[in-house]
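> Could you use the hints to bring the two separately framed chains together as a complex?
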Amino acid sequence: MEINIENLNTEVERLTILQDKFLDNYLNLYNLLSTASSYWQDPKATKFFDNINIEKAKVKTAYDELASLTDTYRYIVESYQDLGTKITVNLNMQDTVITKFNTVINNLNDIITNYNTLDLSFCPYEARMLLKEKNELIKIKNNIETLKIRVREIFSQIEETEKEVKYRLSKINIELIKE
Amino acid sequence: MENFLNIDEMNVVIDNFEIYKNDESLNFDDIKNTLTNINHYYKTDNTKQFIDLDEEFITKMNTITKLHDTNVTTLKKTVQTYVKTAKDVAQSFSDIGDNNG
Chain A
1 MEINIENLNT
11 EVERLTILQD
21 KFLDNYLNLY
31 NLLSTASSYW
41 QDPKATKFFD
51 NINIEKAKVK
61 TAYDELASLT
71 DTYRYIVESY
81 QDLGTKITVN
91 LNMQDTVITK
101 FNTVINNLND
111 IITNYNTLDL
121 SFCPYEARML
131 LKEKNELIKI
141 KNNIETLKIR
151 VREIFSQIEE
161 TEKEVKYRLS
171 KINIELIKE
Chain B
1 MENFLNIDEM
11 NVVIDNFEIY
21 KNDESLNFDD
31 IKNTLTNINH
41 YYKTDNTKQF
51 IDLDEEFITK
61 MNTITKLHDT
71 NVTTLKKTVQ
81 TYVKTAKDVA
91 QSFSDIGDNN
101 G
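Read top to bottom, the protein sequences are chains A and B. With the working numbering as the guide, the letters of the first sequence map in order to residues 1 to 179. With the working numbering as the guide, the letters of the second sequence map in order to residues 1 to 101.
Because the hints were derived from the structure by calculation, they are not lab data. Among the hints, erroneous ones may be present.
Said to hold, decoys possible - Away from chain A, derived, C-beta distances all over 10 Å, residues of chain B:
id, residue
1, Gln80
2, Gln91
3, Ile96
As the list claims (entries may be wrong) - Chain A is faced by these chain B residues, among others (derived, beta-carbon under 7 Å):
id, residue
4, Thr34
5, Tyr42
6, Phe57
7, Ile64
8, Lys66
Keep in mind it's a predicted model, so treat the numbers as computed, not measured. Don't be surprised by glycine CBs; every beta carbon is placed ideally from N, CA and C.
Looking at chain B on its own, in the form it has when it is part of the complex (with noise of 0.2 Å):
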């Protein structure tokens, strides 16, 4: 396999993973603030379970938004690390190029 990253390609994904990520956040909270709300207006035998149920799919969306944390910081390593190899590969021909004089 050929190692190849588009690094200028690679920053707008990262900028509009971050978009995305911000506003799938936002919802997430408008989520939870309904689920929450709502069991203010049906108080029956079957609250519980409809609280149990929120509270479990709450902590499942606190799970998606740090796996799409990691998500981001492993494009955003990734970019890093390969503009960082370009740089000193660059800079190894320059030395071998200054060392031929």
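Only chain A is shown next, with the shape it has when bound in the complex (with noise of 0.2 Å):
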């Protein structure tokens, strides 16, 4: 998957104004055919503006069909935005990867375990180098061990965020209009 968050946010925020935009046209226009039937009365035009009526609430639900739209994009943007601009993943990958932070892991730990059965008595010099060395793997090793899981948080994150996208898509239901 990859996602834009820095330019999916710009053209959020453009939908967001159009949507504003709708709601102001759709305004406008049915208020105006409500004051146009002051000015007209016979059978037809009982019959055009009860049928104005109708058309009037199927336009109002596409207004919120719309809004459902960018509400969902707008989750989108908010669910990403702290994890940087781009985000390119393969969630498919994952446990590949934590696999590899697990073989690092182990290898440093293996390292390690040999330097503390290294019999240094005879050399102190070299004894404090090599315990200073270790220590640093050390640190290291847990360094690793905190980005793994961190990394795996930001799995579940994505893994938990396009489930929920994917909920609400399944809600929105875009009713087409006979014409």
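Now the structure itself:
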């Protein structure tokens, strides 16, 4: 999956403005037609304005549908904007990535264990240097473990967000209007 | 029911309706472009569903535009009919006046 959060946000902001204009136009048009009902009265007018009321309700539904689409796009931006401006990830690779982290961590553990088995009683200077290196390796290992946890959290966040987006989309139903 | 049409007011309504309809049409074009562009920046397993919904919504906007075209045509024809009827009636009275000398 690829998401450009920055550009998506720009389009969502544009869509929000257009959504507001949709509502303004809707109100202008149907309020105008409502005033027209006082200028035209005959059997055809009755039928015309009855149809207008039905049409008005359908156009309002269209506005609500657009609002739902915009809200869903906005949810995506809000969910991902803390992760960065662009996201490129293959969710199917999560297990592979975590496995690689574990491999590195296990290798570092083996190295650290090897350090602990060394007999350094005869070389105090070298012992101090090796202790320093071992401690550095422990720091690196801890950082990698923290990074692994963070990566796992990010994968989880992305999976949950996409699941929620799918759910929201399943709730949106565009009712087509017969002409 | 008394049949009635205020021609002057109705012409104002028609003029304003066409202005608002034009604004709506421009806005619909912008919405269509934005909905088309937005999916370039979100490519996941959900994108197809977004595209399908966007296309259905664009179809709906096109239908709304046609409905408004029909509405303004109906209003214009109504005014034309009333104007013609008024002229015909005036002509008839004029003919009667001429016949009676």
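> Please go over all the hints and tell whether each is borne out by the structure.
Going down the list of hints, with the structure as the test:
no.	hint	in the structure
1	Gln80	holds (13 Å)
2	Gln91	holds (22 Å)
3	Ile96	holds (25 Å)
4	Thr34	holds (5 Å)
5	Tyr42	holds (5 Å)
6	Phe57	holds (5 Å)
7	Ile64	holds (6 Å)
8	Lys66	holds (6 Å)
Checked against the numbered hints above, the structure violates none of them.
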